[in-house]
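In the order they appear, the protein sequences are chains C and B.
Offset between the first sequence (1-based) and this note's numbering: plus 34.
Offset between the second sequence (1-based) and this note's numbering: plus 15.
A portion of the hints provided could be inaccurate.
[To be verified] Distance windows between CB atoms, simulated:
(1) C:E103 - B:F334: 47 to 55 angstroms
(2) C:E103 - B:E53: 41 to 49 angstroms
(3) B:T33 - C:E57: 27 to 35 angstroms
(4) C:I142 - B:H192: 38 to 46 angstroms
(5) C:T112 - B:S25: 18 to 26 angstroms
(6) C:T112 - B:H192: 36 to 44 angstroms
Just so you know, the hints here were simulated from the structure itself, not pulled from any lab data.
Heads up, the beta-carbon is just placed ideally off N, CA and C, and yes, glycines get one too.
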Amino acid sequence: MISISSDVIRGYNDTMILYLLLEKPSYGYEISKQIKSLSEEKYVIKETTLYSAFTRMEKNGYVESFSDEDMSNGKKRTYYRITEAGRAYYQEKCAEWNLTKEVVEKFIEGN
Amino acid sequence: METLRNYLKSMFQNLPNTREVQKAQYELGQMMEDKYNELKSEGKSENEAIGIVISEFGNLEELAADLGIDSYIHPEQQAMYDKRNITQDEAESFIADKQKSGVMTALGVLLCIMCVTPFILLEYIGSGSSVLGLAAMFGMIAIAIGFFVFSKVYMDKWSFLNRQSCSMDFSTTDYVHHERENYRMTHAVLITVGVMLCVLSFVPAAIMDELDMSELMTEGVAPVILFAMIAVGVFFFIVTGNRMKAYNTLLSVNERGTMGGSFVDSQKEQVHYDSKTVSAVMSVYWPTVTCIYLCWSFLTMDWHITWVVWVIASLVEMFIKNMNRDY
Numbered sequence: 035m036i037s038i039s040s041d042v043i044r045g046y047n048d049t050m051i052l053y054l055l056l057e058k059p060s061y062g063y064e065i066s067k068q069i070k071s072l073s074e075e076k077y078v079i080k081e082t083t084l085y086s087a088f089t090r091m092e093k094n095g096y097v098e099s100f101s102d103e104d105m106s107n108g109k110k111r112t113y114y115r116i117t118e119a120g121r122a123y124y125q126e127k128c129a130e131w132n133l134t135k136e137v138v139e140k141f142i143e144g145n
Numbered sequence: 016m017e018t019l020r021n022y023l024k025s026m027f028q029n030l031p032n033t034r035e036v037q038k039a040q041y042e043l044g045q046m047m048e049d050k051y052n053e054l055k056s057e058g059k060s061e062n063e064a065i066g067i068v069i070s071e072f073g074n075l076e077e078l079a080a081d082l083g084i085d086s087y088i089h090p091e092q093q094a095m096y097d098k099r100n101i102t103q104d105e106a107e108s109f110i111a112d113k114q115k116s117g118v119m120t121a122l123g124v125l126l127c128i129m130c131v132t133p134f135i136l137l138e139y140i141g142s143g144s145s146v147l148g149l150a151a152m153f154g155m156i157a158i159a160i161g162f163f164v165f166s167k168v169y170m171d172k173w174s175f176l177n178r179q180s181c182s183m184d185f186s187t188t189d190y191v192h193h194e195r196e197n198y199r200m201t202h203a204v205l206i207t208v209g210v211m212l213c214v215l216s217f218v219p220a221a222i223m224d225e226l227d228m229s230e231l232m233t234e235g236v237a238p239v240i241l242f243a244m245i246a247v248g249v250f251f252f253i254v255t256g257n258r259m260k261a262y263n264t265l266l267s268v269n270e271r272g273t274m275g276g277s278f279v280d281s282q283k284e285q286v287h288y289d290s291k292t293v294s295a296v297m298s299v300y301w302p303t304v305t306c307i308y309l310c311w312s313f314l315t316m317d318w319h320i321t322w323v324v325w326v327i328a329s330l331v332e333m334f335i336k337n338m339n340r341d342y
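Put together the whole structure using the sequences plus the hints.
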């Protein structure tokens, strides 16, 4: 079975996370679950990958973390919300991906 | 869930104990727990759920740059590989050996404390022969020294724990930590019993005195009972203290700064004396004190007051230690 190489997807983990945060603030497991379901289970993000993306993006000012209670069970969690810089970065990454896709597509057989 | 918690802890075992690392461990733990709970609620078995969570956990290398832990993730670049690893079997036999040597030391001390009793007793039995008492006393001291030497030699094979830098893996550390926590209660009880024996040691003598018994009882047997109670109390201190020390020695094997080395509180830190003179003096401190005690006591026969040597000595020791503590 073909699976996604982590080298290729690495540059776009941030994009996926930011896309999900555009809608509403969220926390670790919820994001990993959404990535799994939106990709129709073709991509499962590793916990360490996700956490490393969070810390990196927080350092770069793309997301902010805050502590809040989970509505469903009242457990304290670390939530992340997207910042203005994060939105701008997301737009940049979308443009970058469109270009990348366009270029790589030209070299793919059967299209 | 316990398996996952242990898995995570063992991954973090040798990482530095910093705020970032603690936070990472906590957050990753949360994600694992969420995923585990969801898998379970979907009807997966315990083993399946654990398998999936671990296979999807990833690799700490990814976090290395963010947490500033490169040197810990790639230990081959560091001098970490020459650490002597302590296995669980070794830890168990170290604790057992330390206990045995503790009992031997304690027996030695017991004999030392009791060594004056034949002397006292014989004096009042009226045989008049104080030579016999002295002989018994030195005999007991000789046996005690035998115990001390044997227990020291017995522990020699473990001296690498002090000389060499060692490490202990997570499951062993966790095992020792559990053992220590389980033993804490017994330790407290033994210490309490020991203290009570020492505090109440004069009571039989006082009662005998009150009952107006013969001189043999009040002047002969009563002091023997007093010494015996103190001796048994001290025996408890030493035995249980050695066992506690065994746990703490093992738990302080891992580097203090790492997540696996944070089991022993900082007060337990070994005192290192800055000056060579002080450290030389301190190494013979307690034998010297014992010597002073015995000399003073035998020269004056003022046993009722000479015990203050111990109180003064321990105050002085505390003072010297505090003066030399490196912060």
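Here is what the structure says about each hint:
1. For the hinted restraint 47 to 55 angstroms between E103 (chain C) and F334 (chain B), the CB-CB distance of approximately 51 angstroms keeps it satisfied.
2. At about 19 angstroms, the beta-carbon gap between E103 (chain C) and E53 (chain B) misses the expected band of 41 to 49 angstroms.
3. Judged by the Cβ atoms, the range 27 to 35 angstroms given for T33 (chain B) and E57 (chain C) holds: they are separated by roughly 34 angstroms.
4. Restraint check, I142 (chain C) to H192 (chain B): a C-beta distance of roughly 56 angstroms breaks the suggested window 38 to 46 angstroms.
5. With their beta carbons about 23 angstroms apart, T112 (chain C) and S25 (chain B) fall inside the hinted range of 18 to 26 angstroms.
6. In this structure the supplied range 36 to 44 angstroms is violated for T112 (chain C) paired with H192 (chain B), their Cβ-Cβ distance being about 28 angstroms.
Going down the numbered hints, you'll see the structure goes against 2, 4, 6, while the others check out.
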